[in-house]
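In case you want the letters, here they are:
2 protein chains.
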Amino acid sequence: MTTGEAFNKLKAIMEDTHNLRAAAAVLQWDMEVCMPPKGAEARGRHLATLSACAHERFTDAAVGKLIDQLHGQADALTEDERALFNEIAYQYERATCIPEAFVRRHAKAQSAAYHAWLEARKQSDFSLFKPHLECMVNLAREKADYWGYEASPYDALLEEYERGMTVAQLRVIFDSLATRQRTLIARIMNAPNQPDLSWLEQPWNKDQQLQFTEHVLRDIGYDFAAGRQDQAAHPFTTSFSIQDVRVTTRVDERMFFSALYSSIHEGGHALYEQGYSQTDEGTLLADAPSLGMHESQSRLWENLIGRSLPFWRHYLPVARGLFPGQLDTVTPEQVYAATNRVTPSLIRVESDECTYNLHIILRFELETALIEGALDVADVPAAWNEKMATLLDIEVPDDAHGCLQDIHWSHGAFGYFPTYALGNLYAAQLFDAMTAAIPDMQEHVACGTFDTVRGWLRDNIHCVGRRKTAPDIITDVTGAAPQPDAYLNYLETKYTSLYGLS
Amino acid sequence: MTTGEAFNKLKAIMEDTHNLRAAAAVLQWDMEVCMPPKGAEARGRHLATLSACAHERFTDAAVGKLIDQLHGQADALTEDERALFNEIAYQYERATCIPEAFVRRHAKAQSAAYHAWLEARKQSDFSLFKPHLECMVNLAREKADYWGYEASPYDALLEEYERGMTVAQLRVIFDSLATRQRTLIARIMNAPNQPDLSWLEQPWNKDQQLQFTEHVLRDIGYDFAAGRQDQAAHPFTTSFSIQDVRVTTRVDERMFFSALYSSIHEGGHALYEQGYSQTDEGTLLADAPSLGMHESQSRLWENLIGRSLPFWRHYLPVARGLFPGQLDTVTPEQVYAATNRVTPSLIRVESDECTYNLHIILRFELETALIEGALDVADVPAAWNEKMATLLDIEVPDDAHGCLQDIHWSHGAFGYFPTYALGNLYAAQLFDAMTAAIPDMQEHVACGTFDTVRGWLRDNIHCVGRRKTAPDIITDVTGAAPQPDAYLNYLETKYTSLYGLS
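Which chain is which? The protein sequence lines are A and B, in order. Using this note's numbering, read the first sequence as starting at 1 and increasing by one per residue. Using this note's numbering, read the second sequence as starting at 1 and increasing by one per residue.
Chain A on its own, in the form it takes in the complex:
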């Protein structure tokens, strides 16, 4: 077989696996958005078959042989072909060094752990989840052994979500975040200017809220001809192709900000998915290099743009039109202050920009200790509560509001949490680089015009796909490796002014 023939054959098999995964994504979207309740049982079987078929094709011995042949002939490929080949070879290696029997054992344990976690959280009883968490920790260590690592088994797990990042790097970054964020929070808690939230306490018509979100999504450049927005209990973004990227949002009549920021957050993810190079369609290159990089896009739009004063200078008049009489006496400054209120809280997903990373650091410290064997599962609740007191000065009333609040561990997704914090850091670094490249960017935002912002992100981030790791993209685009200073400077500047800190 010639190099060209081998590459085309490999590409065709990959396209098949892509199509099967895209089909599974449609079934999952439907499950969250459309499916009638009784459809769930059969849907689980449909998804299991799709997943098995995709895995079977992807890990087929024929793929290995084609990769082996092409390894010696990569010079004959174009640059784009070589990038795709490298990604295929990387993912094939990762997938095939895990034995089939382990995959099945993991899936079974995961399902049991998930159901145990649901029940444990409901009853706020960690003991129900404990044996399952032990099992998931052991499986994670086993997986790390299959993948291999140098310094810490956690590095092997982290690579699944944030390739190119290490525990050692994270420890340095997170130490700096913890110190400066805790100092900032303490100053904010004692600040004279606490925001006025009284105007928020009125009902906000749901249809008008949805119209508002659609208006903003359109403005930031989300293409509704290549996507749609629906409602879901837990908002998410999914894509079946670059031309079919769907977002979901959650609307609550009592919450003025909830649907809006949910939509902007998912819209940020969606712009990424709609922004891949069309020539990468259906290949492994049309994907983010890491979850942190994906999260950087949602956070950049949600927080650095959506929670800024220029944003509200433009959108408060829009909101006034949609909610007649309800916002007449409110100023952009008041909305800006209200949407940036800082309150240390128990629950990660409800936390603000200033406290969020501390929730992540807590989880990172427990996870690394568990995976490296320095912490027993039995001691997780006590360790959680102690860190909650140290980092956020909060007392945890029960495990449901403590170590049982997140779904991730029941899935065995150790190494996932840090990507949320990295998303914040990347977003701030990218925002600084973008501000340097587009000096009048804030004026564009204040006009509700986002072509330059979106264009810059598309050219520098979206189009790259998985051609580089996230740390490499950040370094190339911003001139600095992933680091906490940009985010900390952003937070300190914003909140010093907002809360009148001296």
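Hints in this document: simulated from the structure, not taken from any laboratory. It is possible that some hints are incorrect.
Chain copies aren't distinguished; within one or between two, either way the pair holds.
Calculated lysine-lysine pairs in the DSS-like style (CA-CA distance at most 30 Å, straight line) [what the hints assert, rightly or not]:
#, residue 1, residue 2
1, Lys206, Lys38
2, Lys468, Lys38
3, Lys494, Lys65
4, Lys468, Lys387
5, Lys9, Lys494
6, Lys9, Lys108
7, Lys468, Lys11
Once you have looked at the hints, place chain B on chain A.
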């Protein structure tokens, strides 16, 4: 391998193919109901992969070997297992006697023919479609040769849609239908009592129309916890499992009846799909034995129940509540008359109960002549127009309103049309048997109570699945083979009274 092992292995492969087909059905539903326009291109590729994977698994040589082993050991299976085995063996035989190369050639020709037909219909220019129709006719003959037949190649094609029915039987049935329906239509055209349609000419709020359809769907027993109704340009029913059966409808503000009867029609299909035996879930037995049998369920609910006077005695008051002030002076008799107006027309899908079968007979006669070689494709427009004059006394102004009106031939679906007429005949035969079994059925309908009707259909038709052919089910349940008299008697009785025929 023991018989039990072989059967379980065969069943597992069949479940996989079922799951892949169910996934494809979800993607198709999404394509019609939800998908943004730009998503179409990639969706085509996703569906092609699913279809190829399902076909590959279904026709795998391993399946053939298991079938060969089990053929000699069928006695060791339970009755239900044997029924399933027979259905698998039958469908495997049908699928594998068609060569792969032919399947690909057919798919390619079909796609070209479909696009040519769209353009030909748009321009009303048969010459654009002619070479493609020739190609599809030749492919259909080739397919008939692969499948094999005794009397007519059309029999082999018919078997795909209406197993157990033959051209010879259809000729006898259709001759009788043509004669008596034409006589009845002539009498109706000269009748003194033409219905009053003036009250229909007012706008009918779309949301209220949808509420009306949901009300009726609920009443007839459609389970919304195992399904949902959406809007679609061309209404259809689809199912992914017995517990997820979805209907679609079309709403037009100017048409009082359109959404309602579309919903009842699809609801009839859906009750069938929701009514299969739960133990057959995910197997080839959870399906109708033929398209005619499926259509009998939609027609029975739509026409024999939905277009009856007892139905409107109950639902006119319901409609009055939904459309305040719009129906106050209208009587159940007026609605009944309006929904049963007879008008010979050019277009099959717009035709009424009295003229519909004549449209089918026209197509059946042309199709059999084409497949048996008695008619040249070039002569189709002239033959169409001539038969339109003979059967319906209508002059065809152009081919767009004549032989180019239907999509079916562009798909190569010769043998499909007769199932529509058979659906009408089966419905009438079943309705008579049901009336004999439930003497007070009409009173139940007049109360909007359909448990007995649905229960009878479930026990006698739905639960059977594909354990028997449609003609066998009809014969067993009604005591007579498929025949036209029940339908003709129903039509003659209904219209003699409605139009005051002497």
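Check your understanding: What are the numbers of the hints the structure violates, in ascending order?
Key -> Going through the list in order, the structure violates hints 3, 4 and 5 and respects the others.
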